[in-house]
Amino acid sequence: MSDMNQQMAAKYRNNFLKEIEEQAEMGEWVKMCMQCGVCSGSCPTNFHPGWDHPPQEIFMMIRAGKRDEVLNSNSMWNCVSCYNCYVRCPRKVPITHIMHGIAEYAYRIGRAPKNQPTLHLSQTFWNNATKTGRVNEVQLTQSLYFKNGIGDGIKQALAMQDVALGLVKAGRLNPLEALGMGHKCKDIKGIHAMLAKARELEAKRKGRAA
Amino acid sequence: MAKKEYAFYPGCSSQKGASASNYLTSVESMCKTLDIKITEIPDWNCCGASISYAEAGELPRHVMNARNFALAEQNLPGQDIVATCAACWLGARESKERLEHNSVLMADTQEALKEAGLNIKVIPEVRHMVEVLIEDLGYGELASHVKKPLEGMKFAGYVGCQTNRPFGISGESFENPMYLDKLIETVGGEAVKYDQKVTCCGGALAFSEPDKAQAQIKDIIEAAYDSGAEMLVTPCPLCQANTEVYQGQINKKYGTKFNLPVLYYSQLMVLAYGGSAKDAGLNGQVIKARKLEEFASK
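Chains as they are written, first to last, in our numbering: chain U, 1 to 210; chain Z, 1 to 298.
What the hints contain is simulated information worked out from the structure, not anything from laboratory work.
Calculated pairs, DSBU-like style, for lysine-lysine (alpha carbon to alpha carbon, straight line, at most 30 Å):
#1 LYS186(U) x LYS16(Z)
#2 LYS155(U) x LYS253(Z)
#3 LYS131(U) x LYS121(Z)
#4 LYS189(U) x LYS121(Z)
#5 LYS131(U) x LYS96(Z)
#6 LYS18(U) x LYS66(U)
#7 LYS257(Z) x LYS193(Z)
#8 LYS96(Z) x LYS92(U)
#9 LYS18(U) x LYS96(Z)
#10 LYS288(Z) x LYS169(U)
#11 LYS96(Z) x LYS206(U)
#12 LYS96(Z) x LYS121(Z)
#13 LYS288(Z) x LYS155(U)
#14 LYS184(U) x LYS169(U)
#15 LYS37(Z) x LYS96(Z)
#16 LYS121(Z) x LYS4(Z)
#17 LYS37(Z) x LYS186(U)
#18 LYS257(Z) x LYS155(U)
Simulated restraints, written as ranges between beta carbons of each label pair:
#19 LYS3(Z) x ILE150(U): 51 to 57 Å
#20 LEU176(U) x THR256(Z): 31 to 37 Å
#21 LYS92(U) x ASP35(Z): 39 to 45 Å
#22 MET60(U) x LYS253(Z): 33 to 39 Å
#23 ARG91(U) x LYS16(Z): 43 to 49 Å
#24 ASN127(U) x LYS148(Z): 42 to 48 Å
#25 HIS101(Z) x GLN7(U): 26 to 32 Å
#26 ASN102(Z) x ASN127(U): 24 to 30 Å
Glycine residues also receive a C-beta, built at the ideal position from the N, C-alpha and C atoms.
Please take these sequences and the hints and turn them into a complete structure.
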């Protein structure tokens, strides 16, 4: 167990609901779920394999104190942010945000599943976007393909060759961005200082070490 | 002086040479015809999109949007922010709502903004371009500029998720929003009825879970074909890219023969307003919209 995980498990003892309420974004809404299952039936990825537990189940598992099963689950990472569950929930539970919130918390304390592809995407996207203030689409795609090493990256890049060529031909993919050219903000320094402060304040507010 | 003025937030994908640059081309041309003045927010930054949730956390994401609010307020006072991208609009609007309803989050945001020499007084309204068209101008005004109606062409209006949920366009339902169909009809086209209008394209998971996302995209394209549509039309850059660029891969995987052009509403409007293929950004289609190219050259 990571230090942070141990620290949090000790802090909340057996009260996993309280832990989620205080630590996960919008977690205070979990207790509002009345187990109707509309969210589960509305989720587009619930119809594909790989979904261990739809949101309704996750909410009941939180209340039942199933800490390991929830934090280790792949379920939250399958959220496509379509907000279908969110708008249909009869109790107005902001399910999309809670799914993101639980996933983020699991990651923060070192409990997210290993090699989770959507976690990797989230990391890559945010680091790419905040490096210069704007997304560099070419470098983003490259880092995504090459996450499993050079060989696999080349294979993936070849498989996607037609897609990339189509975009280049249509003027919608600028190969120069690979060299770090292209769009960026002027005040990159200010953005980095602002984000460092934001991370510090968030860690402080949630009682986590920055 | 222009009829309407807005602080424009194009977003990362709509910049020149980026994946939705044809959206930007057509929006600029459309705004010119409609006498809408859009001024880019100076030095705007990425909204973080939905997918950054795990790495970004809560406050850093809101702070990124807050920086844009502060820059808009400072440089373009009194103007609403207008985004063309669904994710930019959603991300910014979500941050606005959270900050306005949570004084702790707002205080932390101000403290972080100070590091970049900025602060917020009043957060401007955050609108989608479609809201500007419908609410500030109205269908009547939009129709009055039509010179060449897109008669006899069938389009499937693909609204998708983030221009529809959770905020959506005022007065529309989440399950069957009609505004895109109405926009298609306003420019003289036929909006077909099909059952995948608000199905998710997979969003960012097209990268991380391609099989799942492509299964969803396949359903959308298939339904559009079944309804007799000749093209798909969308208000969202990610919907556009996902439903267009993966058709080849889906064909390989499922043995389908998809080749359905995917357009932005703004491209149809530019063509109906008498604009050229170039004004409409038709050269930016990966799947060429031959019928519209012919239409534009007539």
